[in-house]
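What follows is the residue order along each chain.
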Amino acid sequence: MLEIKNLFVNVEGKAILRGIDLKVNAGEIHAIMGPNGSGKSTLANVIAGREGYEIMSGEVLFKGLNLFEMEPEDRAREGIFLAFQYPVEIPGISNATFLKTAVNEVRKHKGEEEMDAMEFLSLMKSKMKMLDMDEAMMSRSVNQGFSGGEKKRNEIFQMLMLEPKLALLDETDSGLDIDALKIVSNGVNLLKEKIKDKAIIVVTHYQRLLNYIVPDFVHVLYNGRIVKSGGKELALELEEKGYDWIKNGEST
Amino acid sequence: MPEEKINLEEFAEKEYKYGFVTDIEMETAPRGLNEDIIRLISNKKNEPEFMLEMRLKAFQQWKRMTEPHWANVNYNSIDYQDIIYYAAPKQKPQLKSLDEVDPELLQTFDKLGIPLAEQKRLANVAVDAVFDSVSVATTYKEKLSELGIIFCSMSEAIQNHPELIKKYLGSVVPSTDNFYAALNAAVFSDGSFCFIPKGVRCPMELSTYFRINAADTGQFERTLIVADEGSYVSYLEGCTAPIRDTNQLHAAVVELIALENAEIKYSTVQNWYAGDKAGKGGIYNFVTKRGICKGNNSKISWTQVETGSAITWKYPSCILLGDNSVGEFYSVALTNNFQQADTGTKMIHLGKNTKSTIVSKGISAGKSQNSYRGLVRISNKAENSRNFSQCDSLLIGDKCGAHTFPYLEVNNPTAKVEHEATTSKIGEDQIFYLNQRGISKEDAISLIVNGYCKEVFLELPMEFAVEASKLLSVSLEGSVG
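Same order as they appear, the protein sequences are chains A and B. With the numbering used here as the guide, the letters of the first sequence map in order to residues 1 to 252. With the numbering used here as the guide, the letters of the second sequence map in order to residues 253 to 733.
Among these hints, one or two may not hold up.
Claimed, not checked - Partial selection, computed: residues in chain A whose CB lies under 7 Å from chain B:
no., residue
1, 22
2, 24
3, 48
4, 50
5, 72
6, 82
7, 90
8, 102
9, 105
10, 107
Treat the hints as calculated values from the structure; they're not laboratory data. C-beta: ideal position from N, C-alpha, C; glycine also.
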């Protein structure tokens with residue numbers, strides 16, 4: 001589904017990603033772990049198409065499509081979803097209006113009929129229930145005045161509404177207490193269960209989220225390179241030994 | 253792709269869809285302005301002597317005045333002798349029904365989405381259509397007259413209701429008020445007149461649709477609305493003009509009079525041609541709009557959505573004379589490319605317990621300049637007056653400007669005056685967030701801008717609100733690369 005080949009990315013002239021190769025198949029959950037500044041968020045943002053990153057070389061193919069030739073909205077319509085590390089506040093637009101627009105853009109792209117207000121409302125309600133969200137949040141402006149936890153939950157809610165093919169979760173666990181973490185993880189697992197042709201990439205600093213969203217593969221990113229890959233047990237090993245173990249490993 | 257920056261300032265020009273010209277036989281006066289031209293206009297309209305006198309007096313006053321340049325706008329001085337002051341479609345005098353209106357004209361209004369033919373009329377909206385300088389048709393007239401409501405062109409009103417005209421015309425905006433008001437009083441050719449009798453609640457929206465067609469003409473129309481005691485009227489005004497590469501002057505005057513317990517709601521969607529992407533052409537929209545809450549407990553509410561014109565200079569105002577009277581001003585002013593707008597309001601509190609609300613939303617894009625200018629004056633007799641002002645500016649890109657000029661004059665210690673102002677920018681992170689959910693850049697901006705204007709759109713009558721929201725999207729289309 002996703003193939004990253006020899007990807008080099010600079011930010012303001014500084015090399016951040018220095019030769020990433022990664023293959024993600026449908027049905028898989030990958031975790032990308034690593035210390036702060038290792039390039040984890042850069043990778044997620046480059047896949048989603050955020051500006052400000054210089055692609056020095058390499059390519060990223062999604063379902064065979066060259067992502068670097070696509071606008072961010074087209075990538076989203078094809079099924080790439082980024083759960084933001086810092087969800088943006090947009091005053092004046094209600095969550096419901098925003099999400100209805102988004103859902104219908106994706107449907108239009110797929111050649112499906114647009115959803116009417118009633119359909120949308122009932123879908124929305126059912127998904128909100130799964131995430132234990134207050135329906136009142138839908139009439140509030142996008143993320144405005146939301147607590148950190150509410151914002152993260154809203155990201156997962158949007159993900160469930162849009163049903164992407166590839167979900168990128170960028171530090172979704174940061175700022176969540178244990179209860180919120182469970183709810184958010186449940187949401188992610190719901191996405192995985194529903195259809196087999198999906199893949200999830202979880203970007204995280206800590207192992208704790210991986211107790212709930214169990215990865216098939218764990219990759220350790222350090223200094224812009226994947227320095228170690230393994231199964232879910234690698235995450236536990238990292239938790240135990242810390243990143244120094246990897247850092248030292250890389251230097252030898 | 254990612255190295256290709258999102259250029260918020262790269263607003264491409266959306267085609268102005270009302271830019272066509274109607275080919276119709278016109279009768280025009282020679283260029284320039286002098287007493288003969290004024291006599292000609294008055295004569296063409298078969299006006300009573302008092303109107304001619306009023307015009308000539310205004311002309312004398314105008315000659316002594318100078319073009320005002322205090323507004324935050326830049327343009328070369330206008331050559332007032334190079335303008336045609338009277339242009340009218342050649343037509344049979346005294347039209348009895350719409351069937352007699354030139355079909356070309358009816359088509360023009362159809363094209364603009366304003367069907368005049370009775371069978372296709374807008375649901376529950378009576379329309380007075382003004383083409384160049386002349387009112388061509390007024391719909392629903394008979395139905396309204398059953399209620400005693402007078403809704404007709406200004407020319408007809410001068411003929412048929414001279415006593416009302418004498419009493420009210422120029423009573424809120426006298427010809428001495430300002431340069432353009434004086435010019436208008438001297439040369440105005442038509443406009444709409446509306447009188448709502450005592451205790452009548454006008455059952456439909458009244459609407460005037462202004463269209464400039466002829467080249468090199470100025471448009472000077474005059475609107476007068478009188479709401480007698482305990483009456484209510486909601487009035488809509490729309491305007492468009494063809495695309496031309498020279499500037500055209502539009503200097504209108506609107507006067508509203510609300511007597512005791514009366515309410516007037518006046519909504520404008522202004523979409524004059526704004527000039528091209530390089531700033532060539534477009535309408536100079538220099539308009540004086542003012543209402544007086546003459547009686548106690550009366551209310552005047554202005555709502556405007558200003559998206560057109562090369563230059564807008566306009567301050568719909570309220571004089572709150574009656575005790576407990578209420579004035580409101582809700583405004584969305586959007587400027588793009590090289591447009592300039594200096595707009596706002598004046599709330600003059602004279603009566604006791606008077607209340608005013610100002611909500612102004614300015615949106616600047618491209619290389620445009622957008623200024624809010626507002627005066628709140630509380631006179632010494634205006635006990636317990638209140639004003640709340642909120643002036644928000646939204647910037648799109650970094651080559652445009654937003655300016656706020658609030659003037660407060662409080663002469664009574666019991667008054668409460670609040671002013672809030674914010675300036676914000678559409679952030680690229682906001683746009684990316686929406687992009688990432690599958691929403692294009694243009695739609696993202698349109699969503700954000702519409703959300704920002706929601707408060708004002710809520711004040712518009714339904715169909716107008718939808719129209720206004722679409723208009724904003726169109727005006728902003730192509731605003732990102």
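Consistency of the hints with the structure:
1. With a cut of 7 Å, the hint placing residue 22 (chain A) at the interface with chain B is violated, because the nearest CB-to-CB distance is about 18 Å.
2. Interface restraint check: residue 24 (chain A) against chain B, minimum CB-CB distance 18 Å, threshold 7 Å, status violated.
3. Given the 7 Å rule on beta carbons, the hint for residue 48 (chain A) holds: about 5 Å separates it from the nearest Cβ of chain B.
4. The beta carbon of residue 50 (chain A) comes within 6 Å of a beta carbon in chain B, closer than 7 Å, and the hint placing it at the interface holds.
5. Here the hint on residue 72 (chain A) is kept, as its CB sits about 4 Å from the closest CB of chain B, short of 7 Å.
6. For residue 82 (chain A), the suggested interface contact is upheld, since its CB lies about 5 Å from the closest CB of chain B, less than 7 Å.
7. The beta carbon of residue 90 (chain A) comes within 5 Å of a beta carbon in chain B, closer than 7 Å, and the hint placing it at the interface holds.
8. Given the 7 Å rule on beta carbons, the hint for residue 102 (chain A) holds: about 4 Å separates it from the nearest Cβ of chain B.
9. Because the smallest distance between the Cβ of residue 105 (chain A) and any Cβ of chain B comes to about 4 Å, under 7 Å, the interface hint for this residue holds.
10. For the restraint placing residue 107 (chain A) at the interface with chain B, the shortest Cβ-Cβ distance is roughly 9 Å, beyond the 7 Å limit, so the hint is violated.
In the structure shown, a violation is registered for the earlier hints numbered 1, 2, 10, in ascending order.
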